[in-house]
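From just these sequences and the hints, can you work out the full model?
Chains V and E supply the protein sequences, listed in that same order.
Residues 1 to 475 (this note's numbering) make up the first sequence, in order.
Residues 1 to 475 (this note's numbering) make up the second sequence, in order.
Watch out, some of these pointers could steer you wrong.
Heads up, the list lumps identical chains together, so a pair's fine if it works in one copy or across two of them.
[As the list claims (entries may be wrong)] Distance condition first, Cα-Cα at most 30 Å in a straight line; then the derived DSS-like pairs of lysine-lysine:
1) Lys302 <-> Lys64
2) Lys283 <-> Lys326
3) Lys64 <-> Lys283
4) Lys283 <-> Lys29
5) Lys302 <-> Lys326
6) Lys64 <-> Lys29
7) Lys29 <-> Lys302
8) Lys283 <-> Lys228
9) Lys283 <-> Lys302
10) Lys29 <-> Lys228
11) Lys29 <-> Lys326
Note that these hints are calculated values from the structure, not bench results.
There are 2 protein chains.
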Amino acid sequence: MASVTEKRSPVLTPQAVDFPRWYQDVVDKAELADNGPVRGTMVVRPYGYALWERVQAEVDTRIKRAGAENVYLPLLIPESYLQREADHVEGFSPELAVVTHAGGKELTEPLVVRPTSETVFGELMARWIQGHRDLPLLLNQWANVVRWELRPRLFLRTTEFLWQEGHTAHATRAGASAYARRIHLQVYREFFDDVLALPVHVGLKTARERFAGAVNTLACEAMMGDGKALQVATSHEMGQNFATAFGITHTDAAGRRSLCWTTSWGLSTRVIGGLIMGHGDDKGLVVPPVLAPTQAVVLVVKDDDATVAAAERLHEQLSAAGVRAKLDRRTDLGFGRRVTDWELKGVPVRLEVGPRDLGDGVVTLARRDSVERDRPTVEAAASLVPPLLQRMQDDLLRRGRERLRARTVDVTSTPEAAEAARSGFARIPWRTLGVDGEAQLAQNAVTVRCLQRPDGSLPEADDEDDLVAVVARSY
Amino acid sequence: MASVTEKRSPVLTPQAVDFPRWYQDVVDKAELADNGPVRGTMVVRPYGYALWERVQAEVDTRIKRAGAENVYLPLLIPESYLQREADHVEGFSPELAVVTHAGGKELTEPLVVRPTSETVFGELMARWIQGHRDLPLLLNQWANVVRWELRPRLFLRTTEFLWQEGHTAHATRAGASAYARRIHLQVYREFFDDVLALPVHVGLKTARERFAGAVNTLACEAMMGDGKALQVATSHEMGQNFATAFGITHTDAAGRRSLCWTTSWGLSTRVIGGLIMGHGDDKGLVVPPVLAPTQAVVLVVKDDDATVAAAERLHEQLSAAGVRAKLDRRTDLGFGRRVTDWELKGVPVRLEVGPRDLGDGVVTLARRDSVERDRPTVEAAASLVPPLLQRMQDDLLRRGRERLRARTVDVTSTPEAAEAARSGFARIPWRTLGVDGEAQLAQNAVTVRCLQRPDGSLPEADDEDDLVAVVARSY
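Below is the structure:
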């Protein structure tokens, strides 16, 4: 059966023509986000925010399962707080927004709009932790942060963004290290695999790429449709740096006062950029079913009573089966335009209910991630959707894994790595590349995304033998 | 059976001795919130935030049921935006926090940290609304806002607070008015009745008390334990004021360009203050079961294998029955101290599992809102909890209604109203009180909380005959 959608001219710049322009088109046409009145700021529109709410729900469940509790800390931070940890202030200084006036007066001490709440967590942990019973202290926050951005790009780099930042304190280095790994693998990697269906390279950052003040940074690096890397989550071991700066100490069972070991870890609205570029195609977004705020849409093709009744029944059956379903009754809009709209938004399954199909006792069922179309009976249609959603989720993950594998090339020299990074990722022995090779690649905007073991797993430390550097261009 | 808790001295200042101090003690001892490093700011601690998450979930569900969609707008707003609506800027000017420097430079135009996103919603609505098909536009945002506060009090008045603000645009005044009422009654009042079990007076604000820029403000006014009023939610009809200031217009079906009618409505972290003062007693918080993040706690009295196993089984049974349950195995802490702690936190039901009771085949079941204790069999205990939670919820609402009725006195003169407001609310005919009487009461810090019909229902307009003014002292 020929699809009505095939005849229309593209509403998006094709990816192959201009990938960045395609990205901007999707953000705009799928109504995900808009520019705010202040340069670099972002308005997240209803559909974009619905995606973020689903990200939040899935990540939050996993964070709570890992034992951390949510808190909310103040937006405004005394400037002096940031100066307590030397690397930290140096890392953030050029990005800060500063409040100098409030309540109609000039303030005696300027206040910084939080670029992260790291320092306030430090201060509070020092206050809250007394004995070993208070450890580990496992906290998380969902909030907005501000980092002045000179080259903004919606979702990817914005002056204000939304994120979660976890902060924990432990009695031992091993405890802190184990917890950072747990978050990294059981919260972040699991989310990328099981929800976003976007497999990632996990590994350690090199000293050059590490977070300011961290002794170890764990990264998740996803591959976008153009072969570039997107860092989608990081987890840091802060050693005792923040504990020293803020006096985070505990009294152990033997009555000795000692410094704690802290971690921090975060994931932001940037993952929506990853969703767009990781799965999108020339028709728009492709949203994995587990993430999708709307998993199936039932379209009323023509506004007659029998058609509307059949569509409503289908919508009810889907909702009853636990499918997040929507009914599209906008028959005053052209059918083709509505199809395009749901394709742009990447809704996994479309059920089109029209009088002609109904005459044959069938409806049309289309999946977003392929050109497959089916004409099940009206009676059977709803029951087909849940297994189809599961199949689509599996297919997306499998295709993501294949792409990541196919476009990650093992090389043995720095020039080969630079060459391979023009179209994808390269893996090169870290001892072959070294910090000199890293600096050399950086001149062509190719960076070491992470260091991993030869089998792709997460190393314990960056001085292990046989580590492999994953290098790529990146967002 | 004598309770171990009865013997201990109070951990809180009794309400009758000093109500404000009792409030501060509860916030502190129940670990709800802490002061932030900047005066007037608040750190919401894990238990306080868990309560807020439950508020959010319940209110958000109702907002979505009313058809509104969530968005996220930028924190920083150009100063010029606020100046577009005269009443608006005048209302907020003394409360603003202003960013003058960012990215290492002085800004050419100062940026205001949003005191509300009203103006940005205005700007966006003007951009997004074209034809009548785009109406009504129903949006909501969960976010932080900043209003410089000179006399801060945790949860009640803080320089930064969390809230939701809804903003909608409609084709007609009647449409806007009906939607504001719908939100007010079906989202807010329903939430206060069915979730918070805290009945409210609903009504219209007088011109004196109305939101800056609104033509009509609908309020929910709850009664606190000391007889003072707390405004816990408001809904505004903005008429065409914001539509005029921001050019929010639509083309109607006949092709005419006309101004929209807008509404806004909000509820904030202040409701946590309402929860504390509306239900709390000398032992701490009393959390209604529907709201409670933890509905039942199972305490292991003594750390022996059989006791722990029985407690774990009970905890599992409760979770399986859909009860939000926790297991308290902290037998290294004194039992009495743990009981005090759960009482402070207002957890509705406590199940104490100890070897002596187990020897008799029973456990001890205590409800937070009364001194009632029961000793059901181990087998029956879990199944008793869901109906008990329902009964407690009903009891709390019933008691709240009784208090509101008993402490709201009908009076016929301004001096009587002033007298009655010393210990509760007074209702006085609005035509008797008038704006002069209102001004007179205000000198003694007694204000008109709202105007309602004689039967307590929400009027259509403030010029209806027979309106009654509810007056009280307030937070």
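*Given a CA cutoff of 30 Å, do Lys283 and Lys29 count as a within-copy pair, a between-copy pair, both, or neither?*
The answer is within: 10 Å in one copy meets 30 Å, while 56 Å across copies does not.
*When no copy is named, should Lys283 and Lys302 be tagged within, between, both, or neither for a Cα gap of at most 30 Å?*
Result: close within a single copy only, 24 Å intra versus 63 Å inter.
*Alpha-carbon proximity between Lys29 and Lys302, which holds within one copy, between copies, both or neither at 30 Å*: within (25 Å within a copy, 62 Å between copies)
*Given a CA cutoff of 30 Å, do Lys302 and Lys64 count as a within-copy pair, a between-copy pair, both, or neither?*
Cα proximity of Lys302 and Lys64: across copies only (27 Å, versus 46 Å in one copy).
*Could you figure out if Lys29 and Lys326 sit no more than 30 Å apart (CA to CA) within one copy, between two copies, both or neither?*
Only inside one copy: Lys29 and Lys326 sit 19 Å apart there, 46 Å across copies, limit 30 Å.
*asked:* Please sort Lys283 with Lys326 into within, between, both or neither, judging by C-alpha distance up to 30 Å.
replied: within (20 Å within a copy, 48 Å between copies)
*How would you classify Lys64 and Lys29 at a CA-CA limit of 30 Å: within, between, both, or neither?*
For Lys64 and Lys29, the Cα distance is within 30 Å only across copies (24 Å; inside one copy 35 Å).
_My question is about Lys29 and Lys228: at a cut-off of 30 Å on alpha-carbon distance, are they close within one copy, between copies, both, or neither?_
For Lys29 and Lys228, only the intra-copy Cα distance (23 Å) is at most 30 Å; the inter-copy one is 51 Å.
_When Cα atoms must be at most 30 Å apart, do Lys302 and Lys326 count as within-copy, between-copy, both, or neither?_
Cα proximity of Lys302 and Lys326: one copy only (17 Å, versus 53 Å across).
*Can you tell me if Lys283 and Lys228 fall within 30 Å by alpha carbon in one copy, between copies, both or neither?*
Classified as within: same-chain Cα gap 20 Å, cross-chain 59 Å, threshold 30 Å.
*Indicate which option fits the pair Lys64, Lys283 if close means a Cα-Cα distance not exceeding 30 Å: within, between, both or neither.*
For Lys64 and Lys283, only the inter-copy Cα distance (29 Å) is at most 30 Å; the intra-copy one is 36 Å.
The structure meets every hint from the earlier list without exception.
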